[in-house]
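Whenever a hint applies, use it, and build me the whole structure from the sequences.
Here is what each chain is made of, one letter per residue.
There are 2 protein chains.
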Amino acid sequence: MDGGKIIIEKEPVLLPNRVLVRFQPHNREIEVPAGENLLKAAVEAGVYIQASCGGEAFCGKCRVKIEKGETEGPRTPKVSEEEYRQGFRLACQTRVRSDVEVLIPVESHLDRRVIARTRERVSAGRRVSHQELESLVLGWCYSPALRKQFVEVEPPTAKDNRSDLSRLLVALKKNCGLEGISVDSRLLWRLPSILREADWKVTATLVQTRMESQLGEYQLRGSRRTKLINLEKGDLAQEHYSIVLDIGTTTVWGQLLDLNRRKTLAEVSDYNAQIQYGDDVISRIVYSQKPGGLKKLQESVVGTVNGLIREMVVKGGVDISRVSHMTAAGNTVMTHLLLGLDPKYIRESPYTPVANYIPPIRAVEAGFEVGEHVHLYTFPSVASYVGGDIVSGVLGSGIYQRKPLTLYIDIGTNGEIVIGNSEWLVTAACSAGPAFEGGGIKHGMRATTGALEDFRINPVSYEPMLLTIGMVKPKGICGSGLINMIAEFLEAGVISPNGKFNAELPTPRIRPGPDGREYVLAYAEETATGADLVITEVDIDNLMRAKAAMYAGYVTLLQSVGLSIASLEQVVIAGAFGSFIDLERAITIGLLPELPLDRFLFIGNGSLLGARLISFCNEMLDDGERISRMMTNIELSENPSFMDNYIAALFLPHTNSAEFPGVSQKLKVRSSEFGVRKLEAL
Amino acid sequence: MDGGKIIIEKEPVLLPNRVLVRFQPHNREIEVPAGENLLKAAVEAGVYIQASCGGEAFCGKCRVKIEKGETEGPRTPKVSEEEYRQGFRLACQTRVRSDVEVLIPVESHLDRRVIARTRERVSAGRRVSHQELESLVLGWCYSPALRKQFVEVEPPTAKDNRSDLSRLLVALKKNCGLEGISVDSRLLWRLPSILREADWKVTATLVQTRMESQLGEYQLRGSRRTKLINLEKGDLAQEHYSIVLDIGTTTVWGQLLDLNRRKTLAEVSDYNAQIQYGDDVISRIVYSQKPGGLKKLQESVVGTVNGLIREMVVKGGVDISRVSHMTAAGNTVMTHLLLGLDPKYIRESPYTPVANYIPPIRAVEAGFEVGEHVHLYTFPSVASYVGGDIVSGVLGSGIYQRKPLTLYIDIGTNGEIVIGNSEWLVTAACSAGPAFEGGGIKHGMRATTGALEDFRINPVSYEPMLLTIGMVKPKGICGSGLINMIAEFLEAGVISPNGKFNAELPTPRIRPGPDGREYVLAYAEETATGADLVITEVDIDNLMRAKAAMYAGYVTLLQSVGLSIASLEQVVIAGAFGSFIDLERAITIGLLPELPLDRFLFIGNGSLLGARLISFCNEMLDDGERISRMMTNIELSENPSFMDNYIAALFLPHTNSAEFPGVSQKLKVRSSEFGVRKLEAL
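Protein chains in written order, with our numbering: chain A, 6 to 687; chain B, 6 to 687.
Please keep in mind that the hints were generated in silico from the structure rather than gathered at the bench. A few of these clues could be false.
No copy labels: a pair is met if it fits in one copy or bridges any two.
Below are the DMTMM-like pairs computed for lysine to aspartate or glutamate, each with C-alpha atoms no more than 25 Å apart in a straight line [stated by the list, open to error]: (1) 301 / 377; (2) 447 / 509; (3) 45 / 88; (4) 164 / 428.
See below:
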């Protein structure tokens with residue numbers, strides 16, 4: 006399998022029971038996990054049900070009748086007792102328990118001739134399970150850098166009164182074959198009391214360190230050595246944990262790993278508290294230059310991490326003192342700020358970071374609330390705007406090991422792009438702007454409760470079907486919701502390929518607003534904010550700029566190595582945001598290139614994946630550094646063809662329809678279908 | 006010369022002018038440096054001149070007449086103008102400027118038939134000069150572990166915007182051929198501003214570190230690597246200093262070294278401020294176990310060192326920030342206390358230290374007032390009572406490199422003994438007690454101003470001739486003075502070989518006291534204390550125990566390897582105390598073995614010598630650790646023959662006169678001479 010396309014070689018993973026939901030009168034069927042929400046199933050199936058409250062049982066519009074099968078859900082005042090007995094339910098409040106047949110009453114779909122369009126499942130593209138993720142990378146073996154070893158030390162006698170340290174090292178050699186161990190000198194202060202209080206039965210924590218290797222800027226040397234960093238009383242060899250972190254500009258993710266059992270004990274996330282000082286890396290750098298600013302930024306993110314650590318050890322039922330190591334991946338600015346390194350010159354031309362490779366530091370010295378022996382390893386960066394998060398992601402996805410030409414993307418405020426294979430890797434970062442994270446959008450918000458996440462439009466009435474995160478009254482629009490909405494608008498002819506609303510459509514929802522025309526997604530009484538929720542032409546323009554920047558990034562990077570989109574054999578989509586994307590719709594708007602859907606692979610948080618891999622397999626550290634050295638960074642802002650590609654991509658999906666033949670064809674068909682239906686509806 | 010006896014291969018050192026002093030009526034001659042004090046010259050020559058005030062011109066008894074030659078000295082009321090014109094002077098106030106002939110008037114020597122005994126010069130044995138010391142060790146080359154390197158770094162450009170660190174390392178590689186450098190991560194915090202404020206012209210401090218090697222308790226690995234530890238603005242490569250320290254139980258010595266010029270810029274010493282918490286290592290350990298005791302002890306000695314550092318940088322005209330490194334040697338307890346390591350179990354059987362080898366620590370973390378980048382290397386110990394000071398001394402003396410069987414001794418409260426050569430080394434420590442440092446002696450004191458340092462006795466009148474340090478009124482007796490006194494007493498028959506005073510002598514100075522008999526060295530009106538200064542039989546007993554412990558140490562150690570005193574080809578005497586010893590008299594009392602005097606070599610402060618050597622020659626670190634591993638420690642207290650040897654040595658010089666044939670013969674002759682003279686005097 007080596008060198009081939011990524012094929013996951015795991016045994017089949019046990020899936021939750023799946024059930025079949027059939028929607029009538031459309032006779033559309035979809036398979037979903039048992040327990041799935043019926044409104045979500047309808048969205049997945051491409052069946053339109055009226056729903057303007059986001060799924061909070063507030064509007065009562067999504068009434069359906071269960072004809073067959075088992076469902077469950079709370080009673081609601083919107084359904085009378087009589088209706089309930091007949092099988093009426095609110096779709097948004099109902100979960101399916103078995104195969105079911107659902108009738109959508111005429112008042113719920115409003116339009117008898119509902120779109121029977123076929124579409125790929127939202128989850129098109131491979132979404133890889135947790136267990137499968139580990140097999141993305143070839144040839145890795147379970148060999149954590151950290152090791153805990155219970156050892157019984159010989160107490161001193163008159164005949165053998167060597168030093169405490171000597172006795173301990175002799176015991177480690179005798180019982181465990183460990184030689185040439187060096188020692189963290191701090192341990193010596195506690196050594197005599199620990200040994201004696203533990204009756205000479207102790208657990209040693211050992212780390213495989215290396216001659217510091219240094220990523221191009223230094224010379225790589227492979228030799229490793231073992232260092233004794235901690236000693237605990239009694240046998241605690243089985244309590245051996247590490248923490249991995251993805252330090253995002255917006256969100257910090259953490260996992261607590263059981264190093265012995267190769268398990269994730271907890272996964273948590275929280276906003277990076279630095280947000281209060283600016284939304285993007287540039288505004289953070291600006292803030293860092295104010296008096297005390299750098300310190301505040303560092304303390305903020307460390308505070309966030311400390312909160313996550315507390316949460317994880319509680320969730321995992323782990324004593325914090327048993328955590329042996331930390332690994333963090335982040336973009337270059339986040340890595341600088343995490344450690345309190347001055348990011349000033351990252352922002353000033355010619356954009357130089359302090360260092361790409363940062364030797365592991367003692368975590369307590371940076372303010373992390375962990376044991377004194379814990380070191381923090383940060384993933385090496387490549388350049389000012391290509392950080393350790395992408396190195397970690399490339400590592401975690403294994404693309405640097407395989408022959409197929411792969412595009413790796415992490416879509417975000419700083420879109421990061423890697424193209425290459427086992428022979429070479431080029432990388433670039435493009436400033437997509439915050440639209441994907443809900444920034445710069447009139448009613449944009451982050452992907453949290455109340456964010457409009459999925460969207461359908463009635464092709465005749467142009468009435469919306471909203472689904473929010475948490476199924477509550479809509480509050481705003483998150484990035485993935487925005488993509489879904491724009492794609493839906495485009496397919497329904499609500500907007501034209503240049504992103505402007507079609508003013509001639511017979512719907513009061515399209516109206517002039519302060520930012521050009523706008524579409525009312527929900528009226529004031531249906532929203533959480535008590536104000537109309539709208540999407541404006543300026544919002545659409547912002548999204549178009551963001552997707553154009555990403556697309557121009559891939560194309561320019563490919564051109565710089567003499568290749569084209571068509572030559573891509575695989576597209577790996579990383580990032581929390583990436584995992585919520587509807588692949589087909591992302592292609593529809595031209596954010597992702599039009600390629601066969603089976604070439605796409607979603608790996609979730611790639612940088613956490615790489616950090617996790619390194620925690621379990623020390624040997625992979627070399628790979629991380631090799632990747633960082635393999636990567637050639639292309640500065641897009643310096644590349645003259647980037648701007649041409651960008652302007653060409655400022656269209657839905659693209660000015661050159663040949664780049665999106667399928668989408669163009671679909672839009673043509675769709676628009677004629679809409680035309681026909683509109684005529685019929687008159 | 007390799008493998009041979011230590012022969013100093015340096016060009017002759019320029020000596021100060023030497024002049025000849027001839028004493029009449031004895032017609033005794035001695036060569037001394039021009040400027041020598043006349044009383045001291047008399048002592049050296051073995052000529053007795055009355056002097057009971059220690060040399061302060063107070064008693065006026067040491068009148069002499071300059072017959073020929075040039076002298077100088079202040080006028081004193083004890084010599085009239087007329088007498089002065091005739092050539093009369095107080096010997097204690099007179100310095101010789103040319104060859105002189107001195108008449109000792111009858112009233113000054115009191116006994117016409119002054120002893121014309123021949124004796125070796127006090128300075129018998131080789132006393133090695135500073136420059137010569139460096140050539141004791143073979144094959145060392147100037148290669149300090151620390152190196153400063155001025156380097157011009159390329160500023161970043163749009164085409165080359167590698168990280169600041171990368172640029173610096175590239176410059177070090179290009180300009181200095183340095184590769185594979187690792188970096189102290191702390192430097193990164195200051196890196197961007199230093200580079201830019203210095204206009205990219207900086208001085209790097211680089212250290213050759215090693216895979217930690219570990220003295221038997223660990224495996225030794227030879228590979229070294231270069232680590233960047235400091236960066237300064239501009240060209241400061243020529244300001245490159247280190248500090249070496251000898252942490253003694255009583256005294257701390259320091260030298261400030263110019264690493265580039267291989268020079269000592271300052272040498273200072275001060276009492277170890279820990280003295281306030283106890284005189285010896287045992288009482289320090291006891292104190293360390295009180296609440297807060299360990300911290301106080303550590304802070305005390307660090308305070309002493311900080312004081313010495315301040316003094317040295319002022320003396321040397323050096324900015325403290327230019328000091329790059331510190332090396333310290335001390336006994337095991339002192340090393341523990343210097344770093345704040347708990348010495349508790351050094352004192353409790355079976356006497357285990359925390360560690361013999363301690364990895365270099367960051368000096369500021371232990372409280373030393375030096376730059377953040379400065380590391381402190383402490384010499385490895387061998388066992389609880391054989392410390393890094395002795396390892397350093399063996400290193401500095403080069404005895405581990407040569408074939409001749411050598412006895413190395415550092416006489417002190419903890420007498421340290423090494424026997425061996427380039428093939429093997431055995432070592433032992435014996436608790437001699439504090440007598441050599443004036444402890445446990447009724448009027449004992451440290452070797453400071455007012456301490457009785459040299460001593461002669463009139464063989465007929467048994468009147469004393471005292472010489473004190475600083476030539477002031479006597480205050481007490483220091484260790485070397487005690488040895489001189491006991492030897493003189495023994496030779497004059499004032500005490501018998503079992504250390505008891507001869508009560509039958511016709512002198513009022515021998516009298517009963519609270520501690521057995523005592524001898525009055527000076528009456529109350531002649532002393533600085535205003536009380537009689539006496540030496541008691543208990544004092545003598547204490548000294549005998551101390552010297553017996555040392556001697557039994559050598560013998561037991563030799564026996565443990567199947568050898569005897571006679572097989573010793575060389576005796577190296579180290580330590581500040583050692584350098585004040587009168588070799589012949591130390592043999593007379595049986596402290597040093599009776600061997601030809603040319604086999605003895607005095608090297609002064611051996612541990613400072615080794616620390617200094619390592620500062621100039623990094624390669625020698627391996628030798629230090631090799632020595633520590635070569636050394637087999639013999640626990641004397643566990644050795645049954647030690648007690649036998651000890652008891653046999655509780656005699657002056659020894660119960661077995663065959664071990665000191667020369668001394669025994671001399672005492673026999675002397676006693677008959679004294680007998681004859683006494684008869685004549687009647």
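Hint check:
1. 301 / 377: So residue 301 and residue 377 pass the 25 Å test inside a copy (23 Å) and across (24 Å) alike.
2. 447 / 509: within (23 Å within a copy, 117 Å between copies)
3. 45 / 88: within (22 Å within a copy, 125 Å between copies)
4. 164 / 428: Only across copies: residue 164 and residue 428 sit 24 Å apart there, 60 Å inside one copy, limit 25 Å.
Going down the numbered hints, you'll see the structure goes against none, and every one checks out.
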